[in-house]
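**Q** Each chain is listed here by its residues.
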Amino acid sequence: MSLICLDSICRRYEMGGETVHALRGVTLSIERGEYVAIMGPSGSGKSTLMNIIGCLDTPSSGTYVLNGNAVAEMDDNDLADIRNREIGFVFQTFNLLSRSTALRNVELPLIYAGVDIDERGDIARAALADVGLADRVEHRPDEMSGGQRQRVALARALVNKPSILLADEPTGNLDSKTGDEILALFDALHAKGNTLIVVTHEEDVARRARRIIRIRDGLVASDEAVS
Amino acid sequence: MSIITEIVEGVRISWEALRGNLMRSVLTTVGIVIGIVAVTLMATALEYLNTAFRDAISFLGTDVLYVDRNEWFVDSNRRFDRMQRREKITLAQVREVEEGLGNVRGVAPTVMHGVDGLRYGDRSTGMVLMIGTNDQFIITDGVALASGRFMTKAEAEANRDLCVIGADIAEKLFDKESPLGKRITAGDERLEVIGVFERRGSVLGGMSLDNQIVIPIQKMTRSFRGDPSCVIQVKVGDTGRIAETREELRGLMRKIRRIPPGGEDDFAINQQEALVGQFGKVSAIIATAGFFITGLSLFVGGIGIMNIMFVSVAERTQEIGVRKAIGARNRTVLMQFLIEAAAICLLGGIVAVIIARGLVEVARIYLPKVGMSWHVVLLALIVAIATGLISGFLPAWRAARMRPVDALRKD
Chain A
0 MSLICLDSIC RRYEMGGETV HALRGVTLSI ERGEYVAIMG PSGSGKSTLM NIIGCLDTPS
60 SGTYVLNGNA VAEMDDNDLA DIRNREIGFV FQTFNLLSRS TALRNVELPL IYAGVDIDER
120 GDIARAALAD VGLADRVEHR PDEMSGGQRQ RVALARALVN KPSILLADEP TGNLDSKTGD
180 EILALFDALH AKGNTLIVVT HEEDVARRAR RIIRIRDGLV ASDEAVS
Chain B
0 MSIITEIVEG VRISWEALRG NLMRSVLTTV GIVIGIVAVT LMATALEYLN TAFRDAISFL
60 GTDVLYVDRN EWFVDSNRRF DRMQRREKIT LAQVREVEEG LGNVRGVAPT VMHGVDGLRY
120 GDRSTGMVLM IGTNDQFIIT DGVALASGRF MTKAEAEANR DLCVIGADIA EKLFDKESPL
180 GKRITAGDER LEVIGVFERR GSVLGGMSLD NQIVIPIQKM TRSFRGDPSC VIQVKVGDTG
240 RIAETREELR GLMRKIRRIP PGGEDDFAIN QQEALVGQFG KVSAIIATAG FFITGLSLFV
300 GGIGIMNIMF VSVAERTQEI GVRKAIGARN RTVLMQFLIE AAAICLLGGI VAVIIARGLV
360 EVARIYLPKV GMSWHVVLLA LIVAIATGLI SGFLPAWRAA RMRPVDALRK D
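Residue numbers (numbering that gives the first Met the number 0), protein chains in the order written: chain A, 0 to 226; chain B, 0 to 410.
Now the in silico label distances, taken between C-beta atoms and shown as ranges:
#1 Ile3/B with Ser59/A: 34 to 42 Å
#2 Ser41/A with Arg400/B: 22 to 30 Å
#3 Asp179/A with Ile353/B: 56 to 64 Å
#4 Arg330/B with Arg139/A: 21 to 29 Å
#5 Ala190/A with Arg408/B: 28 to 36 Å
#6 Ile302/B with Ala133/A: 42 to 50 Å
Note that these hints are calculated values from the structure, not bench results. Just so you know, even glycine gets a beta-carbon here, dropped at the ideal spot from N, CA and C.
Whenever a hint applies, use it, and build me the whole structure from the sequences.
**A** Take a look at the structure:
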């Protein structure tokens, strides 16, 4: 069974009395260990698809099975637990808590997972060391560069050992050199067997993945391996 | 995630948030501070009133019944006039009570009489209260002697020229000299001082208990006040038997005063409790009015908290989205904002208690016995936290119910 199984996923919104069909029946599956890029112009529905894969949103119809869990029927609390355990998010704008240190930011998923206070610090420190920030543990986001912030976000995303790393335009706010560093980390993660899904509109970012899914008008327009 | 972790986490987050918006937090708490200061002062004032009142009436024994023509509390003038026409409680009736009443510690008739000036040599006092009574008075009134002795049964029943005087009188007439064995002049009578009462202080705002002179009841009726109506003090000696003794006394008095069955009592049996009850009614009214007013100021403060919490939730929508994305449940977010509101109010409450403490210190200059007790402090802090929880609930609920995708989208 695939890690991610989407079957005829539709998502409709009501906006100003009109129904917007963001997704019109997306069917796809992603295996464990894949490195997938999702591409598409703005308004194509790729963000909605990412939200649904990330359990931030639920489909209007269709079924979604994530790592054996039927997600579409879950309530808020179950979804929160699924996001906590199964998914690591990396956002374009990093979305770190600005008043908290790097360590606190990375500890947060552990707190929500109910990890003991004694173990939390060690696990979070190890996660920060893995992204090369062992010496930035007590720094706050405004004391770090964009690349460092995105690495903190990456450490936070990985600290609970999720099944999927879900990155939304991870290099969008970085210069090309720092962006490359982040993508190099992604390559390394993939090599270690992690499942990565990267949403992007940049062709050269997508080219780093092994499979590119293109979305247009709420449907899968193409789905092909990177040669 | 356990509830304790959630609380610890909530406190940490709210501390970060409060520090991040220090000025705003301080301004927000002003309303709460005012409200809690009002609550604290109100509770302190009420408590002071209660203890002051209890102090004031402590000269009335808790287990003493006072048989009198009048009730202490009369609700209409007409009723009062009717009481004034009741038959007197005579010494003969007192004797019948003494004989008829079983198991009590003491029975003493008292007759009060104002005397204008006692004299000794060239010294004199102002107006003093003269009490004619018997040997049992030392038991029923619970007074202690500083020196000398009290009258005996024989002395009380004979027309003897002796007296026991209060501390103020002793001081005024004798200064440092010992009054014992000296004769003082009251009206046309010369009375030998056989004892001096211990100092008792004053009650009910100024009436001195040390400005009293006690003489044998027979002396009182022969030389000062003929044919008086007595007040009989009955010391029960056991607080558990007060009600029982009261009934026994009532039956006895009805028999003595020949009241037909079904007839209304033409006497009253008063108790300290009646005063306490009456005072309780008054203080309940004061408390209700006071807490209504302080409640209003707290309400205004609470609205301020609610307002600022809505702002806080709106500002941190993104943060709420991130927290939810990485696994915070709705309840966790709810708790976080509730704790934040409670923490703001608790800080306000602490500041308020400190301010109120200062104000009480100032009040102490005029009312030396005023003090702020720890349970008033506790009450103030609990009220503060409760205000925070109540006024923070709606904003926190709104935060908790946000869909993560909507919260994240908002920049």
